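A.B. asks: These two chains come separately, so use the hints to put the complex back together.
Taken in order, these protein sequences are the chains called A and B.
Mapping of the first sequence onto the working numbering: position 103 corresponds to residue 103, and the numbering continues sequentially without gaps.
Mapping of the second sequence onto the working numbering: position 488 corresponds to residue 1488, and the numbering continues sequentially without gaps.
Take the hints with a grain of salt, since some may be wrong.
Quick list of the computed label-pair ranges, beta carbon to beta carbon [to be verified]:
(1) B/1484 to A/158: 51 to 57 Å
(2) A/132 to B/1120: 47 to 53 Å
(3) B/1124 to A/155: 52 to 58 Å
(4) A/93 to B/1111: 39 to 45 Å
No lab work stands behind these hints: they were computed from the structure.
For clarity, every value in this text was computed on a predicted model and none was experimentally measured.
Don't be surprised by glycine CBs; every beta carbon is placed ideally from N, CA and C.
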Amino acid sequence: MDPWIAAVVTIIGAATPLLYAALGELVAERSGVLNLGVEGMMLVGAVTGFAVTATTGTAWLGIPAAALAGTLMALLFAVLTLTLLANQVATGLALTIFGIGLSALIGSGFVGRPVPQLPTLPIPILSAIPVLGPILFDHDVLIYLSFVMTALVAWFLARSRAGLVLRAVGENDEAAHGLGHGVVKVRYAAVLFGGLMAGLGGAFLSVSYTPMWIEQMTAGRGWIALALVVFAAWRPWRVLVGAYLFGGVTIFQLQAQGLGLLPVPSQVLSMLPYLATILVLVVSSLGPWRRRLNAPACLGRPFRATR
Amino acid sequence: MDTPRLELDGITKRFPGVVANDGVSFKVAPGEIHALLGENGAGKSTLVKMIYGVLQPDAGRIRWEGKGVRVLSPHFARRLGIGMVFQHFSLFEALSVEENVALGLEGDIPRRELGERIREVSRDYGLPLDPKRHVHSLSVGERQRIEIVRCLLQNPRLLIMDEPTSVLTPQEVERLFLTLRQLAGEGCSILYISHKLHELKALCHAATVLRGGRVVGTCDPARETAASMANLMVGTDLAAPARPERRLARKPVLEVEGLSLRSDDPFGTHLADVRLEVRQGEVLGIAGVAGNGQAELLAVLAGERPVDANTIRLDGKPIGRMGTRERRRLGLCYIPEERNGHAAVPDLSLADNALLSAIDRKGLAPRGLLKGGAAKRYAEEVIRDFGVKANGTAALASSLSGGNLQKFVCGREILQAPRVLVAAQPTWGVDAGAAVTIHKALLRLAEEGVAVLVLSQDLDELLALTDRLVVINGGRLSRPLVTAEATTEEIGLLMGGLHDTTGAGGTAGRAADAA
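In isolation and in its complexed conformation, chain B is listed as follows (with noise of 0.2 Å):
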């Protein structure tokens, strides 16, 4: 065999109170895709810190086609071939596209040089980018693009890839795959992380398998089941959510008709004559790639965006003009995309967070006086309910890892018994246990009868826990879908901008050019 393009040797790397790696090793050959996979805090984010030269090991070595290396340093890193995608990503909100590259690359390139090998990259591996935007504007999709670009630049021989599709159209994906195979047949070798078991059978040599910090195994992905991965990964077996059978056509609870609304941000999107009906008992899906009306639909549907009372009912009761407190107080309570920041405040407690969220529906201040003693009692009956890791209910948001934390503001909403429950990426980088805790406590909810709106880019998602399904594209929603009837594909078309007004015809036409 050749030798390998990276190789780590009992890599070790110690947290105060935690070891986050415990001798890891394994090797990485050229023009290999290379899995690494795990569940969130199993230690792979750290591990490729130190591969990436953000970290450094306290034990062990890594060897760089053969020779002994320290990466000191990002720089380093770079310079030595190494480029990566990160999960959250390294981007700057009041810079360009273009000044976001150029921070992540080697030398100083005159700005148009640069502009122009932006567009050109782009265009040969399919991810559209405008390099004079601002990133505040773009989508988390379209911001995942900055970073795939700005590592593609720098030709490199080893490209670490951290969740990189969980953003994108099943097409995206593929062509992402086709993109991944071109420079692996190049001989760039690739460390793909993901959560997506499907995906690394379809895509991967190889995959080495944390838990706990340690490597508990290696597999052919391409031998292994899902199932069988997942086990290994997670150490139990873990039990998808089964969907029961459920009567569709009960009465809707949450109504949106004609809703057009121009965004407030430049490069958002404009909402034109959506209509929507949640009914009593179902989960509803709202499936599109980032930046297509999401955050606008949200914003209105949440209330933070207050539009004519009309055009948004609950239980027949316009609710349009109120917000967010009034509507939770009505039952309708929602679950934010972003964790840290909007759904939680991170440098509260967990106690005065609970209390945020549930100050009406759990009588938490009659009088405007605050009652301490039952907001703590609340969070931990989430704590207890949702299986949240924390330090008790005085620990901080922050403290918190995604995982938990994501679990505790779903539970902190679901546990107020709303008539209507909006939830945005609801596992969106949240490890498979915890998603699985929360895909069970939404299902659950609807068998109570509760209308679930759940809007995602993850489509497994979306195809594990919807009733029906609707696509949002440009500020559009397509009719509703089936789930059950639905494929992928035709979901995927929808996802890309194709309407069904034309029908059939349309699609069998849109298909063809497409192939």
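Extracted from the complex, chain A is given alone in its bound form (with noise of 0.2 Å):
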């Protein structure tokens, strides 16, 4: 394969992850509920989808038992927060660290294990288009996956009816209280996906991308997922720029690792695409750039039902 269509393909391996988590978290997020925790459901995702595909042989098993594992750990968040009314923000760390911790106990026997890497389904005659063909449409089930969850979710959340509701209970939840949508039961819904989404995240790299499972393997995924969200102003087709963007800074400081083509220390290569995360929230918090933050106005508040 010409070596600057695999850079592209890479591009989209490195990109996958994130944007699944972001995708979760803007869910999230536009109901009004801040999860840090992303991380930690990426990593009980990652561990999880590895183990079960591991045991059982195949990856049909595992990654849903991945989302269903990340959707376990958004319950947790969920319960704490929206039903017993404890900080978001604490909460969320908490999660996160409870995941780095959980993941590498349930982890610990696989490490260094071998399972089969998830089979690419290269789509009849699309894929044999050159360039293209490979660039598009020769991939395995979770990246076609993520295009169709980027637009689903876009869809719902601009068409929809219950997409609607979940925007106006992120807005203000007190209005959507006294018109009779319920607040915490939306809630619930939108950070049970946001675990999901994490976890489908995770299993794509412990299945798909590097097929094995190595302790703490998301390396701060999570949170750049958490800083796209804000870099794309709460809106899903923008993640989908941004995890683009993200996944061709990290292939690019891989490559340039490798190649030795910069001048510089190689751990200043990898810092790249946590300085451009820090880049891209300070960009988009100056002046013009504000305005079209759109975050939500109940984000992180707590809401307490009857009064």
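C.D. replies: Following this line, the structure appears as structure tokens:
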């Protein structure tokens, strides 16, 4: 394969976990819940996906298991913050720390074990198109699904009534409650969806991208996903663009390290995606950009149903 | 008599520490416009929330068309045929008009059809609305229209309206009344909450008066005088503040000249060549329907939006570039429209809130160190002088009722002995007792020689309070009218966009068109 095409394909691989995690978080945040536990949910998803795939020998069980594991982590978060009204920031941070520990515990027996890589499903005819074929139509199911999910989330939020209610709940919980919409119920659903997506993002890492288990293999991707949501101004298609931008930076630094392209220490290059995150957050908070930030008005605010 | 549309029987609701409603009973007949009268804190909001299913009563029964019902949720209320226009709008700033309406409707209506129906209803009832606009760009008046349209779309059989006219021009009020009478004529019952007693007299068939959560009387508003209803509502005689005769044509303190400004808000109103002069010892009023440039003008006057230094002068000194703090230091104090979050920080104590505004004029932070004791004493002074009901100076601003917080905010500015006081909607959503306190304080301030500028959408307030009046429309100011000589109709026409440049002939022509 043309090395240029290969580079683009690897960018897709680097972007997909970010896309999953950020899309899920976007939905949770649009409903008004800030879940900083994305990293933890991804890790638990990754290790569960890997463990189930390694044990049963099929990713078709591993991937749903990962989604379920992420959802369960999110359920823990939801019970604490939505039912028991714990502080969302503190709970999210705790969830990440918990996820790091829990995934290491589950994964201790699986370090170094191989799993069959998730098979690619080339789309007949289309995948034979030169250049475009391998870039667009020669991937595994999780990559295709990530695009479907982006479109689905975008459609859901913008067009469906349930999506409208979800946005309304994130915008003004009191008013939504006053109109008879179940604020807590909607937020539970949104947070659980966030967990499911984070779990899928984790599974993509451990089953498809680098089919193995290493402790803390998400390497901060959960945090980047959080920043992506802000960068994308809570809009699904912009999350897609952002994820590929970051995927690109990640691949660039890998390539640059490997080829010795730049006369700087490899550690500096490894910092690139994270530096880019900080830069994006700074730029998106600056003057003219700030206006376009449309953070949900109730983001992070606890809601008590009856007063 | 027919079966009542709605009947309440011994409704009681307790909150920790208070009984919000205590054995409230009354009936609303089909097609009746029934007034619910009472001060803020009398329990009206709690009561209607129970009718609308937001809250559940602790005791008592609600009967709907003769059948006992438990209104478990607003969904359920809407299915029964109950619509409600909330006092504090239940709107979503980041969403469009259309989406806001959709959220309050039962079932999913295709977007295009919904937009069409919104246009239809808003045209029929004279409530112009663009379904695609976002709420954050709309004025208070326009926001209220969304609430009303949202209800009307559901063909309600009982419409609950909480203070619906406070943001409308007299002509718009007339039009709304026509709508409401038309609705009542079609058999829809209306539960109408208002402090404006002459409106009740003009509109309502019956009134139930609440005080301290209990029904203290029922009456036929047409047979009562405004004063007798006010006394029933408050429980004591309320004397409206007397406006002393004052000499005009004193020296200007605050002058605005040649102020043109493009609004920051893409849907805001640009100010065009605004000229304004507030004189020593006068109360100048600015009337107008919300969204005609008031927000922009206030931001400029307060110093939140700096402009060319010379366009605003205080005692001849150019202050256009100065921020709010510098202006306060020079004596320009400001009462913003929004109490929570603009005038006061909800999560800070009253002492801290007093400190935030009075820091310089009261010397509460010499050499950068806060004088906590002095701030507390100042807050105590405000609480005492303005009769603020609060649990001490450590009480959070958010723990106060709207009227009490407004008294506190006004008192905090007034006791700083300003040169000029700019007050935006000083009695918006405030009960009658608190409004009288605030009005008296503003008049006293003017008597002491302070230049007072009051911006309000409540024309009655301006007529009672001001010496001169200007009308803001589309970002322009009319020439000043002497309040004592102005007629409601004249002001109303100016509010509706007719400028006085064409002279009397133009006024007559427009009036004829409208008729």
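A.B. asks: Taking each numbered hint in turn, which are not upheld by the structure, reported in ascending numerical order?
C.D. replies: 3
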